[in-house]
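Keeping their order, the protein sequence lines are chains Z and B.
Just so we're aligned, residue 1 is where the first sequence starts under our numbering, counting upward by one.
Just so we're aligned, residue 325 is where the second sequence starts under our numbering, counting upward by one.
If you are wondering where the hints come from, they were derived from the structure by calculation, not from laboratory data.
In this text, a Cβ means the ideal position worked out from N, Cα and C, and glycines have one as well.
Once the Cα atoms are required to be at most 25 Å apart in a straight line, the calculated PhoX-like pairs of lysine-lysine come out as:
| id | chain 1 | residue 1 | chain 2 | residue 2 |
| --- | --- | --- | --- | --- |
| 1 | B | 646 | Z | 120 |
| 2 | B | 710 | B | 574 |
| 3 | B | 646 | Z | 210 |
Some, not all, of what chain Z presents toward chain B, calculated at C-beta under 8 Å:
| id | residue |
| --- | --- |
| 4 | 185 |
| 5 | 199 |
| 6 | 207 |
| 7 | 263 |
Every beta carbon over 12 Å from chain B, so not counted as near; a handful from chain Z, in silico:
| id | residue |
| --- | --- |
| 8 | 30 |
| 9 | 107 |
| 10 | 124 |
| 11 | 281 |
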Amino acid sequence: MKTTFDKLKKSNLMGTFSIYFVLLALFLISMMANENFATVGNLSNISRQIAVGTILAFGQTILIINGMLDLSSGSVLALAGVLSVDAYLKTGSLLISFIVGIGVAVFCNILNGLMVTKFKTPPFIATLAMMAMARGAALLYTNGQNIYQIGDYIVFGQGSFIGIPNPVWFLIITMAITWYLLNHTTFGRSVYAIGGNEEAANASGINVNKIKMRSYIINGIFVGLAGIIFMSRVNGGLPNGAGGYEFKALTAAVIGGTSFSGGVGTASGTLAGAFIVGFLDNIMVLVGVNSYLQQIVRGAIIALAVIYDIYFKTTRKKLKASKG
Amino acid sequence: MNHEVKLKVLNIEKSFPGVKALDKIEFSVRKGTVHVLCGENGAGKSTLMKIINGIYQPDSGQILIDGVEVKIKNPIQAREHGIAMIFQELNYIPEMTIEESLFVGNWPKDRFGKVDWPEIRRRTLALLKAENLDYKPDMKLKDLTVSDIQMLEILKAISYQSDIIIMDEPTSAITNKEVEVLFKKIFELKARGAAIIYISHKMDEIFRIADDITVFRDGKVIDSKPKEALDIETVIALMVGRKLGNDFPKVEVPIGEPIMKITALNGEKFKDVHFEVKKGEIVGFAGLMGAGRTEVMRAIFGLDPIHSGEIAINGKPVKIKKVKDSIDQKVVMLSEDRRRYGILPVRSVRENISITNLSRFIKKGRLHSKEEIETVKYYCDKMKVKTPTYETNIASLSGGNQQKVLLAKWLITDPEVFIVDEPTRGIDVGAKYEIYRLISDLVIEGKSVIMVSSELPELIGMCDRIYVMAKGEIMGVLTKEDFTQENIMRLATGTKQNH
Chain Z
1 MKTTFDKLKK SNLMGTFSIY FVLLALFLIS MMANENFATV GNLSNISRQI AVGTILAFGQ
61 TILIINGMLD LSSGSVLALA GVLSVDAYLK TGSLLISFIV GIGVAVFCNI LNGLMVTKFK
121 TPPFIATLAM MAMARGAALL YTNGQNIYQI GDYIVFGQGS FIGIPNPVWF LIITMAITWY
181 LLNHTTFGRS VYAIGGNEEA ANASGINVNK IKMRSYIING IFVGLAGIIF MSRVNGGLPN
241 GAGGYEFKAL TAAVIGGTSF SGGVGTASGT LAGAFIVGFL DNIMVLVGVN SYLQQIVRGA
301 IIALAVIYDI YFKTTRKKLK ASKG
Chain B
325 MNHEVKLKVL NIEKSFPGVK ALDKIEFSVR KGTVHVLCGE NGAGKSTLMK IINGIYQPDS
385 GQILIDGVEV KIKNPIQARE HGIAMIFQEL NYIPEMTIEE SLFVGNWPKD RFGKVDWPEI
445 RRRTLALLKA ENLDYKPDMK LKDLTVSDIQ MLEILKAISY QSDIIIMDEP TSAITNKEVE
505 VLFKKIFELK ARGAAIIYIS HKMDEIFRIA DDITVFRDGK VIDSKPKEAL DIETVIALMV
565 GRKLGNDFPK VEVPIGEPIM KITALNGEKF KDVHFEVKKG EIVGFAGLMG AGRTEVMRAI
625 FGLDPIHSGE IAINGKPVKI KKVKDSIDQK VVMLSEDRRR YGILPVRSVR ENISITNLSR
685 FIKKGRLHSK EEIETVKYYC DKMKVKTPTY ETNIASLSGG NQQKVLLAKW LITDPEVFIV
745 DEPTRGIDVG AKYEIYRLIS DLVIEGKSVI MVSSELPELI GMCDRIYVMA KGEIMGVLTK
805 EDFTQENIMR LATGTKQNH
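Pulled out of the complex, with its shape left as it was, chain Z reads as follows (with noise of 0.2 Å):
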């Protein structure tokens, strides 16, 4: 009894803090392999490409935390970028094309709330469809042509505050409002409470479809505002741009340790998740590894995450099991 007990805590320790051990491994390591790594120029750098990527991954934490997930992501990026854009461009206003960006992302994803809560269609399937529709947006409204010449519109994307670039400080507060949502609002726990056994959630007296409706909100806040970074980092209105976010969302996401089944996830891990991916991306970058053998690591890095994930999973089912 005792020493199941044990077992388990000892499990749950590895499970909580072992992403940061690993962060931790790969930051020396890459000290090491190359002596531009821990500079505060690359470091900045790393930030700030992994700014977009990250943004999208909190959303999808308190997706898949919920049982859900979001592969329109990349596509309404997309859509509500070149909107925003287009929005500047008309008013001159970046109050007025910041609003348009972040309103365009939660209007496709109160349809994919509605698709998953009022229709009953799996999240997968409402989102792919959401992935093709947004995308096929963006490229009608811009007739498949990027818009150039974007003016101040940049500042969100280029600008810096007091030294700290700007998508830095936007990562930041995304990181806080989930870390601060899943652990200290009845939202988040519902969150987890949905995620663990949304019947019994539901019997506890949780409205399940409205925690489901707010979670896709929230991402398309979140989406959004990912938008507006990566169109103003890449100097442009791109209908094409940012294809495949959605997986780099998940990948961060995965990484971090927030579970597929449902239940378990952290803003922190997350992050921990992201820069896992890009600390990873870069210093492969820096030591010449080939391009190819970059997406091979990527890849088998997603599989290792999910194989610990499951290998706890079943450990603690068999724990379950042996107690009858």
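The hints should help you fit chain B onto chain Z, whose structure is shown.
Frame of chain Z, contents of chain B only:
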């Protein structure tokens, strides 16, 4: 016809962690006869059938078919020995067609190893024709009724040339007319010399079709006789026959005004349900599996829709559409299925308790306050929950401790009516006693309890009144002086109260 013994089991024993499910079972069934097994839920009938069908392995003992000992390691081997089982809950694949399902796992193949569809079609048509059944072979199972599917299961048994057929409460989901069709089939099977084992609780049925009757209780065979040597009263007495201990911490408290009144409630699985619960009262709900007790409670608690009828709390009619409505009316429910509707498996004890009343712990817009921890600690102490820390994953606790955590999670909502559905299922004796004590504490505090249970001693030991349900209806209500297992069983097996 000669009625020699077809299947015989000798000294079968089977234990599960903490419980001896079967204790030296001896039992046999003869060719061309129906042998009925009866006994309360959990008496061991289904376990024995699962052993005969190869789903479980016995710890010791023998199975003999035609006098030869056989080892049955899995259902496929059971089928090879001519055993077919028709389950109480039919497992079927809705998208499958009739012909696919008839030969599932056993599809005839041609010499290239390809499934021989023309052969399947031919054999299906032949079977359907021989049985005078009017189905098309390519109809999907989802378009059939439950009794149609059950008939197909029987057809399947015939198609395997099975001569030992086990039916586990086959009439629990079908109408009276369909029962007649089933019985006709059973008589045909008998005439062909099949040995049939038939599990049922329904006395009228049992005495219509049985040749022999065996009564199980607490994992033992209590009696096994030809039908002619038994009558309904004797069978009921044999089924319940155990002595009651006085080990229930029942406390007499003054019973107050009615707090909850249910009038003409109808739902998918129950009809015209009327009952009331008074302040300080423990009201029991007895009945056999599938009687509709859980369904009534789920509807009152907002988990299932109510078709019509009225729920009144403190004299005022209330609308309950979702669980939150019920919690707001201070009516809560501990589910019978702890794993499915109870615990949040990957979350901590703390989170599992506070989930029902999170808004209580918000301070300045922030959760996770000191107050949450203190409340959780207070109720864990009160419930005597044994857990290393409040952050421990609930899944790592024992069943009894999980149950106490789930009681605690409802207590923090300060309920007036506490519905407990099978509160002691799957937990050990010591923890059971603590759960009874907690239920007594609730009524001492002036709350009311509705206790749904399949364990009659626990209902008799704890309740002030007991409603008995069968087939989705309330068959009668017993007051303390009438509390006997025989009285409850008589109502539960479908004999209405003559008042």
